[in-house]
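Going by the working numbering, the first residue of the sequence shown is number 98, and it counts up by one from there.
These are computed hints drawn from the structure, not numbers from a lab. Treat the hints with care, as some may be off.
Said to hold, decoys possible - Quick list of simulated restraints, FRET-style, between CB atoms: (1) 154 x 109: 17 to 23 Å; (2) 151 x 114: 17 to 23 Å; (3) 140 x 99: 37 to 43 Å; (4) 111 x 151: 25 to 31 Å; (5) 147 x 127: 20 to 26 Å; (6) 100 x 138: 41 to 47 Å; (7) 138 x 99: 42 to 48 Å.
No residue lacks a Cβ here, since even glycine has one placed at the ideal position from N, Cα and C.
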Amino acid sequence: MSPRYAVYLAPPADSALWSFGSAVLGYDANTGAAVAPPELRGFDAETWAELTTDPRRYGFHGT
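Make a model of the complete structure from these sequences and hints.
What follows is the structure in structure tokens.
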């Protein structure tokens, strides 16, 4: 298998985009703090936490 590379980009931790991404994931990767999830029709906080368990490990970023 040949080597694979990726470039990751995360917005500044003090930006609105970072705040949005952290809320969607329920986790701020910069501080390590839990963040209250957004209120979305059809999803309670527990279900949303289950759906974002894997992405939350990586924090909000673009690849």
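Hint says 37 to 43 Å; check whether the CB-CB distance for residue 140 and residue 99 agrees.
Between residue 140 and residue 99, where Cβ atoms are some 40 Å apart, the hint holds.
Per the hint of 41 to 47 Å, is the separation of the Cβ atoms of residue 100 and residue 138 within bounds?
For residue 138 against residue 100, whose Cβ atoms are near 44 Å apart, the range 41 to 47 Å holds.
Indicate whether the distance between the beta carbons of residue 138 and residue 99 respects the range 42 to 48 Å.
45 Å, holds
Does the beta carbon distance between residue 151 and residue 114 stay inside 17 to 23 Å, or does it fall outside?
21 Å, holds
Just to be sure I understand the hint, the distance between the Cβ atoms of residue 147 and residue 127 should be within 20 to 26 Å; is that true here?
23 Å, holds
Could you check the hint for me, namely that residue 154 and residue 109 are 17 to 23 Å apart, CB to CB?
21 Å, holds
Quick one: are residue 111 and residue 151 within 25 to 31 Å, going by C-beta?
26 Å, holds
Checked against the numbered hints given earlier, this structure breaks none of them.
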